[in-house]
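Asks: Note that the protein sequences, when read in sequence, are chains Y and H.
Here the first sequence is numbered in the numbering used here, starting from 1 and rising by one per residue.
Here the second sequence is numbered in the numbering used here, starting from 1 and rising by one per residue.
Incorrect hints may have been included.
Some, not all, of what chain H presents toward chain Y, calculated at C-beta under 8 Å [as the list claims (entries may be wrong)]:
| no. | residue |
| --- | --- |
| 1 | Asn25 |
| 2 | Leu33 |
| 3 | Cys37 |
| 4 | Met41 |
| 5 | Leu48 |
| 6 | Cys51 |
| 7 | Thr52 |
| 8 | Lys54 |
| 9 | Thr58 |
| 10 | Ser62 |
Heads up, simulated BS3-like pairs for lysine-lysine below, C-alpha to C-alpha not over 30 Å straight-line [stated by the list, open to error]:
| no. | chain 1 | residue 1 | chain 2 | residue 2 |
| --- | --- | --- | --- | --- |
| 11 | Y | Lys111 | H | Lys88 |
| 12 | H | Lys44 | H | Lys64 |
| 13 | Y | Lys150 | H | Lys183 |
| 14 | H | Lys57 | Y | Lys150 |
| 15 | H | Lys32 | Y | Lys88 |
| 16 | Y | Lys75 | H | Lys32 |
| 17 | H | Lys102 | Y | Lys78 |
| 18 | H | Lys32 | Y | Lys171 |
| 19 | H | Lys44 | Y | Lys111 |
| 20 | Y | Lys171 | H | Lys64 |
| 21 | Y | Lys31 | Y | Lys21 |
| 22 | Y | Lys150 | H | Lys199 |
| 23 | H | Lys54 | Y | Lys171 |
| 24 | Y | Lys150 | H | Lys54 |
| 25 | H | Lys64 | Y | Lys150 |
| 26 | H | Lys283 | Y | Lys150 |
| 27 | H | Lys32 | Y | Lys111 |
| 28 | H | Lys240 | Y | Lys150 |
| 29 | Y | Lys150 | H | Lys217 |
| 30 | Y | Lys150 | H | Lys86 |
| 31 | Y | Lys150 | H | Lys102 |
| 32 | H | Lys57 | Y | Lys171 |
Keep in mind the hints are simulated off the structure, nothing from the lab.
Where a beta carbon is used, it is the ideal one built from N, C-alpha and C, also for glycine.
Residues per chain are reported as follows:
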Amino acid sequence: MSVENAPVVDVDEAAIPVEKKMYYRFESNDKKEFRVSELAIQQSETLNRLVEAMGYTSEDVENKPAIAIENIDGKTLKLVFQWCEHHKGEAIPVDDGSVPKIVEIPEFDAKLMDIDNGLLFKLIWAADYLNIVQLLNVSCKKVANMAQGKTPAQLRRVYLLPSDEEDEAAKRAAQEAQDPRAREVEEEFEERKRQGGNSFF
Amino acid sequence: MNADVENLTEKTDNLSIGDSNYSTNWNNLSGKLKLQCIEKMELKERLLLRCTSKSEKTLVDSNKIQASFAEFFIFPEQSTVSIKLKNKPTEHLALPRGKNYKFIVPLIESLLQLVSFDQLVIRSSEKIDFTDELSGGQLHVKCFWHESCSNKDLMYWLNALKSSEVETIKFDADLNENFPFDKLLKVPNIWIDKDAEIKKTFLVQVLKDGTMDDFKKTFSDRIVCNSENLIRIRTDNPAKQIALELGIDEGEDYDDIDALQYIRMMVIPSELQEEEYDWNTNKWMNLLDPERDISYWDSDSDVYDSDGPGEWEFDYDDD
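One chain only, chain Y, in its complex shape (with noise of 0.2 Å):
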């Protein structure tokens, strides 16, 4: 199945589907709604546990609001959802530490994660958000990936990585914005180590 044509379904660019099957209604942050089979929502342990607390019948889905996902916008839970009807009724994976993890991405996937950077990152909050297993697997893999042949100098490129200067930057401007003092009291510290002197206080 392509992912153009996975059966997630958001309300604002096509019509409800009219099944017997029992679907949920999700609004993102930015008020994109969705139907997502029951099915396919089983493979969010998260989203699965909420609905079953719900305890809702096809009517309350239909007379309620849509169950809001206040964390995520419209773009990502399109694609969350979308990889959960493509892959709802498949055996969520157990991690029993027993075994080295080798993934595996399928056509699909590789498909629906052809998107920027930006995009990806989000899937995969979004996912273990969710808790997704296999889409964070999946999703984690195709960022993986993306170190591939790559050198330290294009790896900081590719994931915009602080060199240790700016971490270090990062840090001091963290610390002072809890503490503006100790700055203060560092440079007057290192200031007294430069004139001489051996105590501070």
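Assemble chain H onto chain Y, guided by the hints.
Replies: Relative to chain Y, chain H alone:
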């Protein structure tokens, strides 16, 4: 049971793992998610990522990659690193012939930080002290075999192994007439201090006469059993003793190398009776010196796929 519509948003909000900011690049990922990506990287990518910054290095090193076997072969004329990760073919990295061995040391340094070895074999020239180039740190190795080395390197590895969880150490020092045997006698003290695990083993093949006498003299106040080829000493843990066994090769004539000794030190349960276990003397002697009994290797056994010298078959019930 239906939840109130008004509570739905609150419910989903409560599911938040604390950070409501989206991750749009690597730096915004949590440490846990970064590690999930790193553990899916190949060895080469991990080695390169740890070169990018101190924080990535720390992160990469915190997630050890498992190798079933590795060998560092360090000689002035040729240096090679071979490594076999679990479920992967063996990879070899060789410096061009004649290239200074120091060029391969940074790779070894990184591997020692990044990899957890089931078996690590080191063959290095007695003429070079390549460990001078290593910064130290904890080794993660179950079975450590040192085939040849300088005495300085030997001490480096002995010290590095002090704080590791190594189960078996093997030193092949039969070609080293200056082997610092006095240092070897410190091993039981280290085990006693650390209350080492039962089955922890140290194997050494050395050109030295009087081994058993030296051992008896050093641990005279701890000896609980003393025979020609076996000494048992008590540790500070009443449940454990340390056995020193001298392997005798009865089939060989050692007129020309009359001081060759096969020695095994092992932590054993105190209650273990001599008749309750099989010492497997030939097996561990063959592991020390595969060439002494070629027929041993004619079997299907493979030294790197065998249980290793740490897996002795006690006829002993742990319960």
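Asks: Could you run down the list of hints and mark each one as holding or not?
Replies: Hints, one by one, checked against the model:
Evaluation of the H:Asn25 hint against chain Y yields a held restraint, the C-beta minimum of about 5 Å falling below 8 Å. Taking 8 Å as the C-beta cut-off, the interface hint given for H:Leu33 holds, the closest approach to chain Y being about 6 Å. Here the hint on H:Cys37 is kept, as its CB sits about 4 Å from the closest CB of chain Y, short of 8 Å. Here the hint on H:Met41 is kept, as its CB sits about 4 Å from the closest CB of chain Y, short of 8 Å.
The restraint placing H:Leu48 at the interface with chain Y holds, with a minimum CB-CB distance near 5 Å, inside the 8 Å limit. Proximity of H:Cys51 to chain Y holds as hinted, the smallest CB-CB distance being about 4 Å (cut-off 8 Å). Given hint, H:Thr52 at the interface with chain Y, holds; its Cβ is 5 Å from that chain's nearest Cβ, closer than 8 Å. Interface hint status for H:Lys54: upheld, as the beta-carbon distance to the closest one in chain Y is roughly 5 Å, under 8 Å.
Proximity of H:Thr58 to chain Y is violated relative to the hint, the smallest CB-CB distance being about 11 Å (cut-off 8 Å). For H:Ser62, the suggested interface contact is broken, since its CB lies about 16 Å from the closest CB of chain Y, more than 8 Å. The straight-line distance between the Cα atoms of Y:Lys111 and H:Lys88 is roughly 27 Å, inside the 30 Å bound, and the hint therefore holds. Taking the CA atoms of H:Lys44 and H:Lys64, the gap is about 13 Å. The hint holds against a cut of 30 Å.
Between the alpha carbons of Y:Lys150 and H:Lys183 the distance comes to roughly 45 Å, so the proposed pair goes past 30 Å and is violated. For the hint linking H:Lys57 to Y:Lys150, the alpha-carbon distance of about 16 Å falls within 30 Å, and the restraint holds. Straight-line distance between C-alpha atoms of H:Lys32 and Y:Lys88 comes to about 26 Å, which keeps the hinted pair within the 30 Å bound. Note on Y:Lys75 and H:Lys32: the hinted pairing holds, with a Cα-Cα distance of about 24 Å set against a maximum of 30 Å.
Between H:Lys102 and Y:Lys78 the alpha-carbon distance is near 53 Å, which puts this suggested pair outside the 30 Å criterion. Distance check on the hinted pair: H:Lys32 and Y:Lys171 sit about 20 Å apart at the alpha-carbon level, within 30 Å; holds. Proposed proximity of H:Lys44 and Y:Lys111 is supported: the alpha carbons are some 26 Å apart, at most 30 Å. Restraint check for Y:Lys171 and H:Lys64: the C-alpha separation of about 26 Å stays at or below 30 Å, so the hint holds.
Between Y:Lys31 and Y:Lys21, the direct Cα distance comes to roughly 24 Å. Compliance with the 30 Å bound is thereby established for this hinted pair. Among the hinted pairs, Y:Lys150 with H:Lys199 is inconsistent with the structure: their alpha-carbon atoms are about 44 Å apart, more than 30 Å. Between the alpha carbons of H:Lys54 and Y:Lys171 the distance comes to roughly 13 Å, so the proposed pair stays at or under 30 Å and holds. Under the criterion of a C-alpha separation no larger than 30 Å, the hint pairing Y:Lys150 with H:Lys54 is consistent with the structure, at around 18 Å.
A threshold of 30 Å between alpha carbons decides the hint, and for H:Lys64 with Y:Lys150 the separation of about 21 Å falls inside it, so the pair holds. Taking the CA atoms of H:Lys283 and Y:Lys150, the gap is near 46 Å; set against the 30 Å cutoff, the hint is violated. For the proposed pair H:Lys32 and Y:Lys111, the alpha carbon gap of about 26 Å is at most 30 Å, so the pair holds. Annotation: proposed proximity of H:Lys240 to Y:Lys150 is violated, straight-line Cα distance about 51 Å (limit 30 Å).
Restraint check for Y:Lys150 and H:Lys217: not satisfied, since their Cα atoms lie roughly 59 Å apart, outside the 30 Å limit. Distance hint between Y:Lys150 and H:Lys86 is fulfilled; the C-alpha atoms sit about 24 Å from each other, no more than 30 Å. Restraint check for Y:Lys150 and H:Lys102: satisfied, since their Cα atoms lie roughly 24 Å apart, inside the 30 Å limit. Restraint check for H:Lys57 and Y:Lys171: satisfied, since their Cα atoms lie roughly 17 Å apart, inside the 30 Å limit.
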